[in-house]
Amino acid sequence: MISTKNIAFSYGKGTSFNFPDIVAQKGSTLLITGGSGKGKTTLLHLLGGLLKPQSGEINIDNTNIAAMPDGRLDNFRGKNIGFVLQQAYFVESLTVLENVVLASWLGTGRQATEKAKALLVQLGLQDQLNKLPSRLSIGQQQRVSIARALINDPKLLLADEPTSSLDDENALTVADMLDRLARQFGTALVIVTHDQRLKDRFLNQINLS
Amino acid sequence: MITKIAWKNIWFKPLNTLLSIILLTASVAIITLLILLQEQFEKKFNSNVEGIDLVMGAQGSPLQLILSAVYQVDAPTGNISYTEAKTWMDNPFVETAIPLAFGDNYNGFKIVGTTPAYLEHYGAKMAQGKIFRENFEVVVGSAVAEKMQLKIGDEFFGSHGDSAEGEVHDTHAYTVTGIAAKTGKVVDNLILCTIPSVWAIHDHGHDHEGENAHNHEHAEGEAHDHNHEAHAHEGSDAHDDHHNHAEAHTHDREHDHDHDHDHEAEISEAGKEITAVLLKMKNKPALLSWQYMIPMNTKMQAASPGKEINRLFSLFGIGLQALQYLAYGIMLISGISIFIALFNTLKERKYEFALLRVNGASRTELLSLVLIESLILCVTGFVFGTIVGRIGLVLISGSSEEEFKMSFNPFTFVWDKEGYLFLLTIAVGIIAALIPAIKAYSLNISKTLANA
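If you're matching them up, the sequences are chains W and A in order. Be aware that the first sequence starts at 1, since it is given in this note's numbering, and climbs by one per residue. Be aware that the second sequence starts at 1001, since it is given in this note's numbering, and climbs by one per residue.
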């Protein structure tokens, strides 16, 4: 589970944010909405340890990542936090399977090849395992990045506009998939979005204003 | 795993990679080739010149004299009178004096008349058989024996001059009595016999040859004897006017064949000519003074091999240096090419780097990823370069073997110099990757992902 307390962040002159406290339990989904410029992505990066808050606490399973030194934070992130980004990025020279295995190695130091295969098969990518990511459709790429985010059984799954580049049908499929997987893996899911389709789908919401 | 990603990344952009590797290979190959050539060339030249303080021969270019008498690669400067040479050879300042008389060749391998001291000088032990003693007995060098498939007891005829196409002297056959062990020096490519053998062959040669052949020989500077028995007793005087006599007598003696007895006949030394004398001096000051005294008092010169070889090295040292600069230039370009390749892809790869960080990679892991990519290129280039350089050496060795009987061994390693070259290559790789690697190290992930 994840909980925050009084986090504040500033990009320097002018732009500073004070975020409301959020809580997301194991297996549950929290939607963070708000117009552009309200700090949605900033909050997500704070939750994922890509940025550090000026003040406040971010507790992931009782570990305050705001107080963690950089090196250990990289480690913690790899092991405990999964990211699904707006655009799916890959190591272009590695195959789909290798990309997922790479994430397991970076997070845990072990190459979980069998687990990666199983996960990709579950997401309907059994025919794409040995292709280069650039050969896949956008929807397929998004599913690969979901598999990659889940490979280390993260405590927290963060999704940044995961449906913005998808059509209605795919958007709902991905939303259902994320919800189901969060339950299956017992992970807290936090989605940042301004997508109306998701706002209708998930009830637990916080609006940044 | 980082190395695996680096490896896959390199081959994801094969053209960039190929360019960098080709450039590196070219520069390393040229430098390796130069290192090996210089090393082996100098070693060969120096080992052959060891223990020879002066070379006495006909006047002309001292370098030519050294090249012909010591290295057997150039035409001789001419002939000298044996009796005149003898007075210097017997001088108490001289420790050893080895006379050389060039005459014929057998399939391009020179037949040189000399004394057993020549074999001793080059440390050539007999692998089989014994040293030549009688006329027309020969000892063949190890390379000659191998290439010509010669065995003890084999007989062959020499051809005149130093090219295999020369006129065959079929009046006397040489008999192989010994095969010398391999020395790695000039003697491996020579056929050695007594000096009187050379005289005897040419005595007969001239009896049957016309005027043209006669002059031709002078031009070639062969050791030969123009005197007929009738003049032999005239001693060195005959030397001066032997042209006229030789021509006058050629026809008179046309039918006077007497081969069978000539073998045994003791050949008089008087008026005979040789090509050069290798001298080792007891008295080192004489080494200098003889270089002035001999040309002043005689028709001969005395050249110092060390001096001439240094002159030769400094001459083509300039060429080698130019090549070396060229190779370093190519290496610089290959470094720049690696830098540009890494730097150019940095823009597209920053998302890849951000992603790796998101997945738990540390800053240092990104730094090492970029460095490893560059180092893989450099090590590959170095390995290929080392191989290509040696292939080049084999090719050069092939042609130099044919032309100069000088071969190079591609399987030797000049550890220190090639080690430096390796370190240099690695340094180029690290320097080229430094800026891209630091950029990867200091990448702001949040900013990169937010601006996507």
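The hints are simulated quantities; they were obtained by calculation from the structure and are not laboratory data. A portion of the hints provided could be inaccurate.
[Said to hold, decoys possible] List time: in silico SDA-like cross-link candidates among lysine to any residue, alpha-carbon distance up to 25 Å: (1) Lys1350(A) - Lys26(W); (2) Lys1044(A) - Lys155(W); (3) Lys1350(A) - Gly37(W); (4) Lys1086(A) - Ile1294(A); (5) Lys155(W) - Ser1362(A); (6) Lys26(W) - Thr63(W); (7) Lys1008(A) - Ile1294(A); (8) Lys1439(A) - Pro69(W); (9) Lys1439(A) - Ile138(W); (10) Lys1008(A) - Pro69(W); (11) Lys1447(A) - Lys26(W).
Outcome of the hint check:
Proposed proximity of Lys1350(A) and Lys26(W) is contradicted: the alpha carbons are some 33 Å apart, above 25 Å. With a CA separation close to 73 Å, the supplied pair Lys1044(A) and Lys155(W) exceeds the 25 Å bound. Between Lys1350(A) and Gly37(W) the CA atoms are separated by roughly 24 Å; this keeps the pair inside 25 Å, and the hint holds. The suggested pairing of Lys1086(A) with Ile1294(A) holds, with an alpha-carbon distance near 13 Å, which does not exceed 25 Å.
Proposed proximity of Lys155(W) and Ser1362(A) is supported: the alpha carbons are some 20 Å apart, at most 25 Å. This hinted pair checks out: Lys26(W) and Thr63(W) have alpha carbons roughly 15 Å apart, not beyond 25 Å. The hinted pair formed by Lys1008(A) and Ile1294(A) fails the criterion: a straight-line CA distance of about 72 Å is larger than 25 Å. This hinted pair checks out: Lys1439(A) and Pro69(W) have alpha carbons roughly 21 Å apart, not beyond 25 Å.
Between Lys1439(A) and Ile138(W), the direct Cα distance comes to roughly 29 Å. Violation of the 25 Å bound is thereby established for this hinted pair. Pair hint Lys1008(A) plus Pro69(W) does not hold up; C-alpha atoms about 32 Å apart against a cutoff of 25 Å. Note on Lys1447(A) and Lys26(W): the hinted pairing is violated, with a Cα-Cα distance of about 29 Å set against a maximum of 25 Å.
Hint violations for this structure: numbers 1, 2, 7, 9, 10 and 11, all remaining hints satisfied.
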